[in-house]
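Note that the protein sequences, when read in sequence, are chains A and B. Note that our numbering has the first sequence beginning at 1, numbered continuously upward. Note that our numbering has the second sequence beginning at 1, numbered continuously upward.
These aren't lab readings, by the way, just hints derived from the structure by calculation. Check the hints yourself; a few may be wrong.
Claimed, not checked - Cut-off 25 Å, straight-line C-alpha distance, at most; resulting in silico cross-link-like pairs (SDA-like, lysine to any residue): (1) LYS654/A - PRO641/A; (2) LYS106/A - ILE12/B; (3) LYS712/A - LEU687/A; (4) LYS642/A - LYS686/A; (5) LYS106/A - SER62/B; (6) LYS642/A - GLY500/A.
Just so we're clear, the structure is a prediction, and the values are computed from it rather than from any experiment.
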Amino acid sequence: MNASQLLVEERPDNTLPRTDPVAGGAVADVACVLLSALAFVCILTDSHTWVRAPAMLVFVLFVPGWTVLRMYRAPATLLVYLSAIGLSIGSMLLLGEILVLYGNWKWFALGLALTGGCYVIGIRTVWRGLHTPLDHVIAEPARTATPMPGWVLMCSVGSVVVGNSVVTWGIRHTRREHFGVLGLVSALSMAYWLGIAIIIGGLLAVCYYGSRWAWFNVAALLVALHGLPGLLEPNPRFSVAWIHMGFIDQIATHGTLLRSLDARFSWAGFFAGGGLLQRWSGTESLLWLVRYAPLFYNAVSVVLVALLARRLRATETQSVMAAAFFCCFNWIGQDYFAPQATAFLMYLLIILVVLHAFPADPSLGNRWMVRVLRPSMDVQRGLHGREAGLALFGVYAMSVAMVISHQLTPGFLVSATLLLVLVNATRLRVLPVFVAVVFVAWLSFGASAYWFGHFDNLTGSVGKVGSIVTQNVGARNASHAFGRRIVIFSRMGLALLAWGLAALSIVKQWFRWSTPVALLCLLAAPFPMLALQPYGGEMALRVCYFTLPAACILMAQFVVPKVRTDWRRWLFIGVALLAVIPLFVTARFGNESFEAFSNDDVVFAHTMYDVVPDASTVFLASQQAIKYADRVGEVRFRQLPKGTPAEVTDQLVKSLNKTHVYIALTESQEAYGVVTLDRAPDWMQKLRSELESTGEYRVVFEVGGSALLELKP
Amino acid sequence: MSRQFLSSTVGIPLAVLAMTMLFVLEMARVSGRSRPFGLRSATVLVVAALVVFIGARFMVYS
Numbered sequence: 001m002n003a004s005q006l007l008v009e010e011r012p013d014n015t016l017p018r019t020d021p022v023a024g025g026a027v028a029d030v031a032c033v034l035l036s037a038l039a040f041v042c043i044l045t046d047s048h049t050w051v052r053a054p055a056m057l058v059f060v061l062f063v064p065g066w067t068v069l070r071m072y073r074a075p076a077t078l079l080v081y082l083s084a085i086g087l088s089i090g091s092m093l094l095l096g097e098i099l100v101l102y103g104n105w106k107w108f109a110l111g112l113a114l115t116g117g118c119y120v121i122g123i124r125t126v127w128r129g130l131h132t133p134l135d136h137v138i139a140e141p142a143r144t145a146t147p148m149p150g151w152v153l154m155c156s157v158g159s160v161v162v163g164n165s166v167v168t169w170g171i172r173h174t175r176r177e178h179f180g181v182l183g184l185v186s187a188l189s190m191a192y193w194l195g196i197a198i199i200i201g202g203l204l205a206v207c208y209y210g211s212r213w214a215w216f217n218v219a220a221l222l223v224a225l226h227g228l229p230g231l232l233e234p235n236p237r238f239s240v241a242w243i244h245m246g247f248i249d250q251i252a253t254h255g256t257l258l259r260s261l262d263a264r265f266s267w268a269g270f271f272a273g274g275g276l277l278q279r280w281s282g283t284e285s286l287l288w289l290v291r292y293a294p295l296f297y298n299a300v301s302v303v304l305v306a307l308l309a310r311r312l313r314a315t316e317t318q319s320v321m322a323a324a325f326f327c328c329f330n331w332i333g334q335d336y337f338a339p340q341a342t343a344f345l346m347y348l349l350i351i352l353v354v355l356h357a358f359p360a361d362p363s364l365g366n367r368w369m370v371r372v373l374r375p376s377m378d379v380q381r382g383l384h385g386r387e388a389g390l391a392l393f394g395v396y397a398m399s400v401a402m403v404i405s406h407q408l409t410p411g412f413l414v415s416a417t418l419l420l421v422l423v424n425a426t427r428l429r430v431l432p433v434f435v436a437v438v439f440v441a442w443l444s445f446g447a448s449a450y451w452f453g454h455f456d457n458l459t460g461s462v463g464k465v466g467s468i469v470t471q472n473v474g475a476r477n478a479s480h481a482f483g484r485r486i487v488i489f490s491r492m493g494l495a496l497l498a499w500g501l502a503a504l505s506i507v508k509q510w511f512r513w514s515t516p517v518a519l520l521c522l523l524a525a526p527f528p529m530l531a532l533q534p535y536g537g538e539m540a541l542r543v544c545y546f547t548l549p550a551a552c553i554l555m556a557q558f559v560v561p562k563v564r565t566d567w568r569r570w571l572f573i574g575v576a577l578l579a580v581i582p583l584f585v586t587a588r589f590g591n592e593s594f595e596a597f598s599n600d601d602v603v604f605a606h607t608m609y610d611v612v613p614d615a616s617t618v619f620l621a622s623q624q625a626i627k628y629a630d631r632v633g634e635v636r637f638r639q640l641p642k643g644t645p646a647e648v649t650d651q652l653v654k655s656l657n658k659t660h661v662y663i664a665l666t667e668s669q670e671a672y673g674v675v676t677l678d679r680a681p682d683w684m685q686k687l688r689s690e691l692e693s694t695g696e697y698r699v700v701f702e703v704g705g706s707a708l709l710e711l712k713p
Numbered sequence: 001m002s003r004q005f006l007s008s009t010v011g012i013p014l015a016v017l018a019m020t021m022l023f024v025l026e027m028a029r030v031s032g033r034s035r036p037f038g039l040r041s042a043t044v045l046v047v048a049a050l051v052v053f054i055g056a057r058f059m060v061y062s
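One chain only, chain A, in its complex shape (with noise of 0.2 Å):
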């Protein structure tokens, strides 16, 4: 018998044979290259057949990655997959921002190196998957199986196809616009809840027997609820999500970023990415994208946080409740098609990746520390020599694509990591100080236009917390009607509620010698960046979706028993969440009357686009309305001045100087001052006519309850 015999002979009976391909990556190997070439093909004939945006899209957003990793022989583990999706999203911003600065943005050769690369290098990595020999392919080893009653699997499949029926049979009987004071909660059907209440149903008998069906039902809980207004709202909602597809439109288009504009031009990773996508897969723009952009980013972090919460001790149950915590908690509405979300994705990646990859033993850290914090052993091994370099370098490559594209999310990242490394939950030692590095050097080089002339006007809040504090919660709750109350206070309930429980958590896992100090450190690292700037009153916002992840393994970690118990227990767990739906949906959907567009809305923005000239400055009552959707550079938006009518006038002759200027009042910024400022409901019509009786406007259309008024030359 000879050494290569003896090696199959001693090895356990978890050795895969090489034909299994989906455990082995290789299906995912052939799809990436079936991609990359149709990618390609589509790229170069400028192929306008339906399936180029889907397949760029899922190019985009997996290929390069995976092929990368795969290239470096990384398993084809959940883990990795993530990774793959978390390095493609990265090396688009990047490869667009450099494009957009240095490469006078010839998107058109780099799409083509890109796929045929990626073709190259998958086809490479097939052929040697092929040629492995059999005794190199080793399988994880085999989980061992736990008896579970067969009803077990009807019931998760039931519940979903029952709840989600019944959800969508719901969402069809809702009225569709002019949602009131409190937002959908207020317009939902009745059937839509009795929906929920059978997904979340089935989900904890499923969880009560620890199978992974219950997975299933997450999915259809984060369908339920992230994807509500998506499904409900007749087009894609939110002004900002509009003004992000306008500023990817003029990447896209003109090449250039205009950093006078916005200072997000100054952190522009994102828009040139996607302005890539929009020229490789050939359409207008990436309205597309927005309506189902929540979902998306919520099913990878709900992943994300359930492998993180199994990295750091968390049961498989206990991980999967962590993951319907995280549906049922994010109210904060930062995953719209934004910047933001996509730094966070990164965030929680690198955060993931770090823990996996460069653990250490907090309990063999500082004495002092130990004494006080009491963590518990980390037992986990990660990963070194070659495997650790590429892990490694996929950090760092992440961290600078974060940096250039969002500027709040490397600060929570410094923080998050910096604490990691004090309390020795990583082995990595230079990570903070790289990521501040790389932000300050771009804060400084690649933002100047954002800061030249009035740097004192950035940092003069730092420290100041009692009023960043009043900025951000203070000026949220302008309004005193009742209905407008409840959901501020809903909003303010749920995030006590998760840091409630998450120090509860913390408390009884520290009096047990088992403190959990990488949670207790994501939970903790956000709320410095309270004492740095208010962010337009939306810093707080940012720490509350900062600390979720944590707040909600350590949730689960308390909630949720780690061994199977009482039903009573879990009957408790599904009453509470089934009294914590309402509050989310009042929570992240309150603000529908004004964040979702009416038919009416859109028609307007695209009729106000159509005649409104180049070099036209258009005035808005509130910033609730689609703006900067198009021709970002040519037509320019202001907020409408306060005043009588006479003297808004005056203001608005004053900056007429040889451009167009407009007054555009649609019905969400109406919305907005009925829901948020308290005006009366007529308060439009009343301004509206109160302009036309100065005489110097004339109505240049009208649609629905919008009206675009000139002001005479």
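Since the structure of chain A is provided, determine the placement of chain B on it from the hints.
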């Protein structure tokens, strides 16, 4: 430092150098190989020079 020097592009290669050295330093740590002699000191010096340069830019142009 003069405005002309601060507005020159010398900072960009300095930043790239600092980032590269930080990456190499970490790579040497995690791969278990012995660290090249003087790498840590050189990295600290380069990062310090970059921070001083950027700080001066912030002060001059704010």
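A quick look at each hint next to the structure:
1. With a C-alpha separation of about 12 Å, the suggested pair LYS654/A and PRO641/A falls inside the 25 Å cut-off, and the hint holds.
2. Of the supplied pair hints, the one linking LYS106/A and ILE12/B holds, its CA atoms being roughly 23 Å apart against a limit of 25 Å.
3. Distance restraint check for LYS712/A and LEU687/A: the Cα-Cα separation of roughly 17 Å lies within the 25 Å cut-off, and the hinted pair is therefore satisfied.
4. At most 25 Å may separate the alpha-carbon atoms for a hinted pair to count; LYS642/A and LYS686/A meet this at roughly 15 Å.
5. Annotation: proposed proximity of LYS106/A to SER62/B is violated, straight-line Cα distance about 35 Å (limit 25 Å).
6. The suggested pairing of LYS642/A with GLY500/A is violated, with an alpha-carbon distance near 42 Å, which exceeds 25 Å.
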